[in-house]
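For chain A, the structure is supplied; the task is to place chain B on it using the hints.
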Amino acid sequence: MASNYKISYNVDMVFCIDCTGSMDNIIEIVKNNALNFYQDVTNAMEKKHKYISQLRVRVVAFRDYAADKDKAMMVTDFFKLPQEEKEFERCVHSLKAEGGGDDPEDGLEALAYAIKSKWDTQGMKKRQVIVVWTDAPTHPLGYGRNVENYPRNMAKDIKELSSWWSGSQQTGFVDNNAKRLLLFAPDAPDWNVISQNWDNVLHFPSEAGKGLANLEYEEIINTISNSI
Amino acid sequence: MKKTRQELNSIFSVAEEMVKNNGEDCFYFDVIDDNFIIASLDGCGGSGSKKYENYSGKTGAYIASRAVCGGVRAWFCESNIETEIQGYIYEALTVCNKYADKSGRIMGSLGKSFPTTAAIITGKLNEQKIDITCFWAGDSRCYMLDASGMHQLTDDDLDGQDAMSNLSNDGIMTNVINASTSFEIHSKKITIDHPCILLTATDGCFGYLNSPMEFEHLLTDSLIKAKSILEWKVALNERMHEVTGDDYTLCVAVCGFSDFEDIRSSFVKRNKYVVEKYMNSQKDVCSLWDVYKREYSIYL
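Chains as they are written, first to last, in this note's numbering: chain A, 1274 to 1501; chain B, 15 to 314.
In isolation and in its complexed conformation, chain B is listed as follows:
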């Protein structure tokens, strides 16, 4: 059996905003004792485009992702994950509403108060296993990447059929954190083997690619060509910058490897397989997805 370490190797984020100082994404990562958290949030720029004078003229989307991120941070730091995260998120939204100017006259279902998505993973490493809990709402995603490939851990709150159709169909979000309508924060507990890499991502990271296979390739190809975590982080930023048209926020927790060379070498074989089987294939992307999704969707 391969030797693994019962610890977190690295935890980091890669993020960029399209319009300087007006990006609507937000992130949080932290480690307290044996517990870690990664969280990516995406304020919804369409439904949350109302600007609030009381909040320096920023949009509801901008405020929402940051306020809810603050609630998630308070939950992780203060409660030690003993209490429900929902209460902290509702409290953050209540504060947003409390100090917001109420001058708006615009009505209708297209506008929402302080809308944001969230994809959150908390985890604790045990011997050979990691106990994780995913929390999410909206179209941001939680993933696990290991030597067997990429696995989406959370269902998109979109009206499409699956992760592939949700990329191409430009679907409507069916559930989003906000202060004006009811919403649900989904949660799921999973125990997984380590070593592995856990990720939370806003749709700017994966939503402009043609398929989920391309996102895995982006992650592993940049990893196997890097010489350190820092190089991988820089490469990830460059790759996503090239392919996206939106703010993007990726949080990464690397778990249970012995060192960077162990991380890198663990994905060489898988990357080669993905290139040969999917990236260089002459088959149409839908039939490739039909094969790929069997492993990709095992946690859904």
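So here's chain A without its partners, still in its complex pose:
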């Protein structure tokens, strides 16, 4: 017997997608995951009588500043869903896997952009969710800082980035109660450092040739949606 009570949340999601050449064989799967993710979370929440009153999604597509220069980072504003669903889909479909240079990529810079999003701060019940899809370890922060378009005011190292995630009101950029970070990333530096040390993180360590099983995907969606 279920009650008629409905609890509503304002949810912001940022999708950080590795668009380097090594992602070529899985980029379409990742794009589909990104397009389906918010709906899967919404459906899982509704089973628990939790509803999203406002949903916004933005995309951070990343490569490698040193190798890809002005094609290293593509950042969008938030799309309001479902009103701007077509624009969001068009953006995701436009992503191409190319470039990247060496094996590690600038995933930490992408994560920094995501953390510094203009989050919705209204409403008592809110969630700020970042999802990262990548098959590569990260460069240290600042690896590409000599490139002209490298962002100013970027975290200088993983320690500073950690304070952006887990810091006090003075240093943090996300709401400590609302934040969730979901990593689809290899068990490699610095993703494993984040996985082991940051709070509110869920990490699925991707391995070549080993995809995400249905049961694991269900667990991830339920962990995110039940903690919303």
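Calculated from the structure, these hints are not laboratory results.
This one's a predicted model, so the numbers in the text were calculated from it and none came from an experiment.
For lysine-lysine, the following BS3-like pairs were computed, each having C-alpha atoms within a straight-line distance of at most 30 Å:
id: 1; chain 1: A; residue 1: Lys1323; chain 2: B; residue 2: Lys34
id: 2; chain 1: B; residue 1: Lys34; chain 2: A; residue 2: Lys1398
id: 3; chain 1: A; residue 1: Lys1432; chain 2: A; residue 2: Lys1391
id: 4; chain 1: A; residue 1: Lys1321; chain 2: B; residue 2: Lys65
id: 5; chain 1: A; residue 1: Lys1321; chain 2: B; residue 2: Lys72
id: 6; chain 1: A; residue 1: Lys1398; chain 2: B; residue 2: Lys297
id: 7; chain 1: B; residue 1: Lys247; chain 2: A; residue 2: Lys1321
id: 8; chain 1: A; residue 1: Lys1398; chain 2: B; residue 2: Lys72
id: 9; chain 1: A; residue 1: Lys1391; chain 2: A; residue 2: Lys1323
id: 10; chain 1: B; residue 1: Lys247; chain 2: A; residue 2: Lys1320
id: 11; chain 1: A; residue 1: Lys1323; chain 2: B; residue 2: Lys247
id: 12; chain 1: B; residue 1: Lys307; chain 2: A; residue 2: Lys1398
id: 13; chain 1: A; residue 1: Lys1321; chain 2: B; residue 2: Lys34
id: 14; chain 1: B; residue 1: Lys241; chain 2: B; residue 2: Lys283
id: 15; chain 1: B; residue 1: Lys65; chain 2: A; residue 2: Lys1304
id: 16; chain 1: A; residue 1: Lys1321; chain 2: B; residue 2: Lys116
id: 17; chain 1: B; residue 1: Lys65; chain 2: A; residue 2: Lys1323
id: 18; chain 1: A; residue 1: Lys1320; chain 2: B; residue 2: Lys65
id: 19; chain 1: B; residue 1: Lys72; chain 2: A; residue 2: Lys1323
id: 20; chain 1: B; residue 1: Lys34; chain 2: A; residue 2: Lys1320
id: 21; chain 1: B; residue 1: Lys116; chain 2: A; residue 2: Lys1320
id: 22; chain 1: A; residue 1: Lys1398; chain 2: B; residue 2: Lys291
id: 23; chain 1: A; residue 1: Lys1320; chain 2: B; residue 2: Lys72
id: 24; chain 1: B; residue 1: Lys65; chain 2: A; residue 2: Lys1398
Then chain B, alone, in the frame of chain A:
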């Protein structure tokens, strides 16, 4: 002085699950000789959402609340409260882990093995007094309700400022029973006057209301309109069903009243006061809470 009885009038639970056969709450109540126990547990559905094939595909949250509840039952029945409850809870978690399939690849601080909250009260009635011990971890709560009002007995393991902000701020749990990280089972011994009503509650009972005052009103308003304990129990279930969006589990121990009419009439005056002072007030809820919390928090 009002006459009271040195005995437990009634002990019962009110519980409902949102998704049939997948509710993550659990409860236990019992009486052995002069001792009684009430316990409400809430498996944490977010951090405990991993499903275990060895446990019929149930989630870690579902298994945890039941296993730990079993540990609490074993402690109460076998040890006669002579030994530490912690050992029984650790043993329950150890067994959970021992037979769990280890196939999961998902890592990170958001997931925990077999996480559950617990709010437990054990008690023994003496002449005019009850010696109780509260044990708890997480955001489930122990309460005492008497003619002076509702009193929360246990501190929430949440990062909010107080019971009111913890309702509205959707805070993070800072301590929860689980098999993968360290945790603490808090305990507190209190001697209180009877007659009174002791309660343990999961957050589905009170967490969807706007204030702690509303929870007291839900309890006393349904009580004074009932003609028996059974009617009160049914009314409690209906009221909580209307206001919650989660599984809920409330355990109740009614102590030291002479009969049901004594229970009911003891709260008529208090209910009237709560309605006039808090429920019908035009003042904002925060300023009302500032007044209400003085009495509500005296055991915290």
